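**Q** Given the coordinates of chain A, assemble chain B onto it according to the supplied hints.
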Amino acid sequence: MTELIVICCYLALLVLLGLFASRLFSGSKEDYQLASHSIGPFLLLMSLFGTTMTAFALVGSTGEAYSAGVGVYGLMASSSGIIHSLCFFLLGIRLWRLGSKYGYSTQVQFFRDRLGSDKIGLLLFPILVGLVVPYLLVGVISSGTVMQAMTAGAFPDLFPSKNPGIAGGIPPYIGMLMICGVVLVYVFFGGMRGTAWANAFQTAVFMVLGIVTFCVIANKLGGEGNLLANMQKLSAAVPPDKATRIAMSKTEFFTYLFVPFSVGMFPHLFQHWLTAKSAESFKLPVVAHPIFIMIVWVPCILIGIWATTDLMPTRPPLPKVPGTDIVNPNAILPFLVKTQTSALLGGFLAAGVLAAIMSSLDSQFLCLGTMFSTDIVNHYRKEPLSDRAQVFTTRAFIIGIVALTYLLSLSNTKSVFNLGVWSFSGFSSLFPLVFAALYWRGLTKAGAYAGILTAICMWCWQFAASDYGEIRDYTFDLTLGDAVYKMQPVAPIFLASAVALVVVSLVTPKPDAAVLRKFFPERA
Amino acid sequence: MQKLVWALVLLLVVLHQDNWFWEDGTLVFGFMPIALFYHACISIAASVVWFMATRFCWDDDLTAESHGEEATK
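Chains as they are written, first to last, in our numbering: chain A, 596 to 1119; chain B, 3 to 75.
Chain A extracted, bound-state conformation (with noise of 0.2 Å):
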């Protein structure tokens, strides 16, 4: 019941944060969508990794390296540090500037300009929102999870269940509709304003008490006198698979590479970078986002291995699989956070894995509430709506939206779960064109359909390829003689994609001389 008190706590602290942001609410489009281009430097940051970091952070990668030992941090944390303020860098204040200049609030607005064309639009929306459905689902459905997990026991008789993890917890229906009511209230009075705020302050709940658990879980566990010396008496047990990647495929480790460069094209940051107040406000994130990953990641990845050794304890036994005798490696994090720790910091720990689920759902309910309002009602009107009823549309699609979401989640979990790396492989498989957009006079209309087309056909030939998904561990295998080079099939959709962009811009009709010299001004 603590745990259940705590988490309504911080819930009810975020739906105030959400309605006091509303008070500075100036009722126009630009303020509700993009906070009038107000945010500085370190609200940036916060929100940009609030956004980037989902709960896969913390739960996701204490699981992934029970499963597979400390080198997920290369595949995944520190490649992420390399490639997002890559993005941020190259992408992000160039995409600021020209959103200033010419009052883009959606990709498609820009998209449609840079290439003179209205129909890449009605291409690439259905795309971005298809990539974007995926991710919100994942998240939703985890928040389910980890409020029935966490609030296990509160209500043995109005919640009863055989599985002793779960039962007396609330039931993920009630959970998730919980999550999506109190998100859905922020981002509806709030706006990006009420979301950057909110993300800020979920992303310092979530590195801080990440911080703590990990402390708390090593003095536990190890049982010496002082923390290095826990430290030293768990690591010395880890296994020797674990404690290196001699089980992991190097060509595999470095196509992962490919995956981050999803940043460059998710819909929502493209909405966070247009907030910035000045192009100054982006060297924070760059320069911390980084260092922050290795913050949250470290000691999710230690908590991880540790859990592989004798020297957990072996009651109660660690949770296995719904139906099986596997040991559910998702599962790692909130039983220790259960078995190691008090009911109050059980609590706050649930609160801080459901602030990483809300701080990167808030910005894609309201990114897809813009994209509809924007790209869809407000383009294809003869008259183009009011700046109020702009507004009004965005929260009325947000609303839809959150309903859809919440309708989608009852549904099937698991293949869901199983389309989250597709939907980051997605965008980026787009990452060339944006690219390209930025930096080539040469993209042609002709090229950037090439390259969008390429993606999609190969994209899913590799997603037919997996089973759709069920083949958790697919990975396209490149024989060359003798040798089998295991690849992450995001690598050959992306590099397809670039080549077909770039053949066909070369051989196509160059972009007009107008278009060039309003993206390209210096040197038009």
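Any given hint could be a false lead.
[Claimed, not checked] One side only, chain B facing chain A, incomplete, derived with CB under 10 Å:
1. V11
2. A37
3. I44
4. V50
[Stated by the list, open to error] In silico negatives: residues of chain B with every beta carbon more than 10 Å from chain A:
5. M3
6. Q4
7. K5
8. L6
Rather than coming from a laboratory, the hints here were simulated on the basis of the structure. These figures come from a predicted structure and were not determined experimentally. For every residue, glycine included, the Cβ atom is placed at its ideal position computed from N, Cα and C.
**A** For chain B alone, coordinates are given in the frame of chain A:
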């Protein structure tokens, strides 16, 4: 200097592959597997390189630019 910064970014990508500690289970400070320690150092190095990028690869026109100023140009 700009070329040096971009060369360092490229070097980070090469160093990230880290074939040399692939099977090394040494514990740094007695608790940190060297593969994890090395990649934590890559994260710190990435911050340093991106700091250099914001110093030496920064478009000077951007420094004084804020939303309002840009919109009126």
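**Q** Indicate, hint by hint, whether the structure satisfies it.
**A** A quick look at each hint next to the structure:
1. V11: Holds, because the Cβ-Cβ distance from V11 of chain B to chain A comes to roughly 7 Å (cut-off 10 Å).
2. A37: 5 Å, holds
3. I44: 4 Å, holds
4. V50: Nearest chain A Cβ about 8 Å off; hint holds.
5. M3: It holds; M3 of chain B is separated from chain A by about 15 Å at its closest Cβ, greater than 10 Å.
6. Q4: Holds, since 12 Å exceeds 10 Å.
7. K5: Holds: least Cβ distance 16 Å, greater than 10 Å.
8. L6: Non-interface label stands for L6 of chain B: nearest chain A Cβ at 16 Å, farther than 10 Å.
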